[in-house]
Amino acid sequence: MVNVTFNGVTKRYDDGFEAVQGLNLEVNDGEFLVLLGPSGCGKSTTLRMLAGLEDVTKGEIAIGGARVNDLPPGARGIGMVFQSYALYPHMSIADNLAFGLRMAKGEDKPTEDDIRWRVGETADMLGLTSELEKRPKQLSGGQRQRVALGRALIKRPKVLLMDEPLSNLDAELRHQMRARIRSLHDELGMTTVYVTHDQIEAMTLADRIAVLDGGVLQQHGAPMDVYRNPANDFVRGFLCAHLDEMVATANGLFGGDEE
Amino acid sequence: MAGRRGLRDGLLLSAGATVLLSVWAHMVGPDLWVDRWFTLWSVAPAGLVMWNLSTPVVAHWSTGRLSTAGAEVGLARNGQLRRRVDGFLRHVALVHACALVVLPLLWILDVALSPGNALGGGYLDAVTGEHFQKMLTSESFWIWTRNSVIVSVGTTLLGLALAIPAGYAFSRFKFRGRDPAMFAFLLVQMFPGVIILVPYFLVMKALGLLNTSFGLILAYSVTALPLCVWMLKGFFDTVPRELEEAALMDGCSQTQVFWKIVLPLSLPAVAVTALFSFLAAWNEFLLALTFNTSESMYTLPVGLASLISSTGQAWGDFAAASLLVSLPVVVLFIVFQRFLIEGLSAGGVKG
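Taken in sequence, the protein lines are chains A and B. 1 is the number of the first residue of the first sequence in this note's numbering; add one for each residue after it. 260 is the number of the first residue of the second sequence in this note's numbering; add one for each residue after it.
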């Protein structure tokens with residue numbers, strides 16, 4: 001069971017600004033959770049605290065029932081996809097993928113043969129086999145995105161974190177990658193936390209969504225439940241009204257054919 | 260209309276006088292290349308003025324057959340020439356800038372290759388390798404070279420060992436006194452070296468580091484440090500933080516992040532900084548002259564200067580040695596050229 005629990009988690013910066021206030025949230029084993037909210041709502045901070053890139057001011061974060069507040073990022077069994085991909089520019093794609101495995105310590109440390117096999121397997125899964133010798137600079141945006149995904153997945157993480165991974169792609173590619181991310185999740189079955197400000201991404205990807213605003217959790221539930229029963233005005237405005245508007249726009253464009 | 264006519268004729272006359280005067284001065288004066296250059300500079304602009312003033316448009320304007328506005332319209336056609344003239348003048352200016360750089364080099368080459376120790380004479384009248392031979396076989400030249408190499412390499416290594424961690428810390432960590440410290444670095448940079456010369460001398464004397472290579476290494480590293488730290492900090496700033504975070508997620512410690520990600524990405528900047536420290540130490544004169552007074556501890560610049568003394572001006576040897584001393588610098592620049600361009604156009608890390 002790899003569930004993730006936020007227990008009264010607060011993040012306060014040195015200047016007194018509270019990015020996240022008393023967050024209580026549970027992500028079930030194998031669940032796809034989307035953190036949704038406008039920019040500055042604390043969703044990225046939440047993700048970064050879970051990753052270990054930000055200290056937790058107050059409260060407790062647990063992965064699989066074990067408190068991880070004081071574990072370094074590399075020891076939490078987490079893979080993360082960054083918005084800018086953050087591929088290592090001075091390494092080949094193969095080395096980018098293998099870097100995390102090479103950094104593993106103690107009995108987890110795989111042999112070089114093992115690493116080569118797993119790089120091949122991951123590249124195969126993401127359609128990167130012919131790019132392994134290239135540098136990140138030589139790849140297209142979509143390919144870089146897949147490398148970033150592969151680098152997070154190759155360690156077989158218990159929890160996969162994604163921070164607006166599709167925001168740098170064009171619309172067509174974004175659509176393809178969205179489907180791919182969901183199918184990878186279903187295939188590999190790891191717990192996934194996904195941050196976005198895009199309502200459509202949230203509705204199509206999530207098992208459950210958590211809507212945040214001003215560092216406070218507004219609503220937590222299955223996408224259609226949240227849409228049908230918004231808990232407050234913010235959710236109604238940010239999610240429901242926005243989706244209705246898009247539906248109205250689409251109907252306005254194609255309405256003539258239907259009526 | 261007499262005023263216009265007078266103006267035109269006066270200008271024409273003075274331009275013509277300038278041309279005549281220059282040519283006359285050239286004929287009676289000495290015929291060095293400097294004089295030819297000077298003549299060209301007075302004849303060419305004056306000639307241009309005459310050519311411009313003798314156009315029909317100006318002639319008609321001066322006799323009153325053309326209004327001022329009309330003349331301006333007529334002359335506007337010269338605007339078509341304007342771009343070519345501009346381009347020509349730009350090249351003239353650039354050629355002069357180049358000459359400023361190249362001529363001293365040609366001169367010192369001449370002195371180094373001419374027999375005897377004269378500074379004047381015709382260009383490369385007689386060519387000899389005697390000065391080079393004398394320097395390359397002189398024992399003291401090699402002792403100075405050894406001292407210079409020790410001091411410069413030592414300065415580079417010590418300087419980098421201090422500047423890299425400092426630059427990284429200033430770039431990435433927030434700590435008490437960070438901004439004042441950065442400013443203090445700049446402040447030190449603003450003082451001319453002469454001001455710290457005497458205090459430095461006293462410190463070196465107290466430490467017993469006069470006439471040692473280590474004394475100079477220490478002094479050079481410290482004086483080069485502010486600029487090195489600022490340069491490296493500037494480059495580290497351009498390494499995206501997300502890269503470091505990705506490495507943390509991949510299981511690196513903070514130290515490993517630095518060694519495996521940040522430093523390899525910053526190699527161009529490190530190379531530039533290293534080159535800078537090396538050159539600063541290689542060329543430095545004042546501190547070396549003051550601290551290391553025994554001849555066996557001279558660095559090359561001090562040694563070269565000692566060739567020109569009240570007892571004998573060995574200009575030929577001096578010129579030959581100067582060229583030999585510049586050689587490593589030239590080689591270093593050629594080797595590091597790629598890094599220099601990359602390092603100076605920092606920020607090309609992304610993607």
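No lab work stands behind these hints, which were simulated from the structure alone. Note that the Cβ used here is the ideal one computed from N, Cα and C, for glycine as well. Do not take every clue at face value.
Said to hold, decoys possible - If you anchor each label on the Cβ, the simulated ranges turn out as follows:
{"id": "1", "chain 1": "A", "residue 1": "8", "chain 2": "B", "residue 2": "437", "range": "48 to 58 Å"}
{"id": "2", "chain 1": "A", "residue 1": "242", "chain 2": "B", "residue 2": "594", "range": "32 to 42 Å"}
{"id": "3", "chain 1": "B", "residue 1": "514", "chain 2": "A", "residue 2": "66", "range": "20 to 30 Å"}
{"id": "4", "chain 1": "A", "residue 1": "214", "chain 2": "B", "residue 2": "542", "range": "52 to 62 Å"}
{"id": "5", "chain 1": "A", "residue 1": "222", "chain 2": "B", "residue 2": "597", "range": "50 to 60 Å"}
Unchecked claim - BS3-like cross-link-like pairs, simulated, lysine-lysine; straight-line CA separation at most 30 Å:
{"id": "6", "chain 1": "B", "residue 1": "433", "chain 2": "A", "residue 2": "134"}
{"id": "7", "chain 1": "A", "residue 1": "105", "chain 2": "A", "residue 2": "134"}
{"id": "8", "chain 1": "B", "residue 1": "492", "chain 2": "B", "residue 2": "464"}
{"id": "9", "chain 1": "A", "residue 1": "58", "chain 2": "A", "residue 2": "109"}
{"id": "10", "chain 1": "A", "residue 1": "158", "chain 2": "A", "residue 2": "58"}
{"id": "11", "chain 1": "B", "residue 1": "492", "chain 2": "B", "residue 2": "433"}
{"id": "12", "chain 1": "A", "residue 1": "137", "chain 2": "A", "residue 2": "109"}
{"id": "13", "chain 1": "B", "residue 1": "464", "chain 2": "A", "residue 2": "137"}
{"id": "14", "chain 1": "A", "residue 1": "105", "chain 2": "B", "residue 2": "519"}
{"id": "15", "chain 1": "B", "residue 1": "519", "chain 2": "B", "residue 2": "433"}
{"id": "16", "chain 1": "A", "residue 1": "58", "chain 2": "B", "residue 2": "464"}
{"id": "17", "chain 1": "A", "residue 1": "158", "chain 2": "A", "residue 2": "134"}
{"id": "18", "chain 1": "B", "residue 1": "393", "chain 2": "A", "residue 2": "137"}
{"id": "19", "chain 1": "A", "residue 1": "158", "chain 2": "A", "residue 2": "109"}
{"id": "20", "chain 1": "B", "residue 1": "492", "chain 2": "A", "residue 2": "158"}
{"id": "21", "chain 1": "A", "residue 1": "109", "chain 2": "A", "residue 2": "134"}
{"id": "22", "chain 1": "A", "residue 1": "109", "chain 2": "B", "residue 2": "492"}
**OP:** Against the earlier hints, flag every one the structure doesn't satisfy and list their numbers going up.
**Re:** 1, 2, 6, 8, 9, 13, 16, 18, 20, 22
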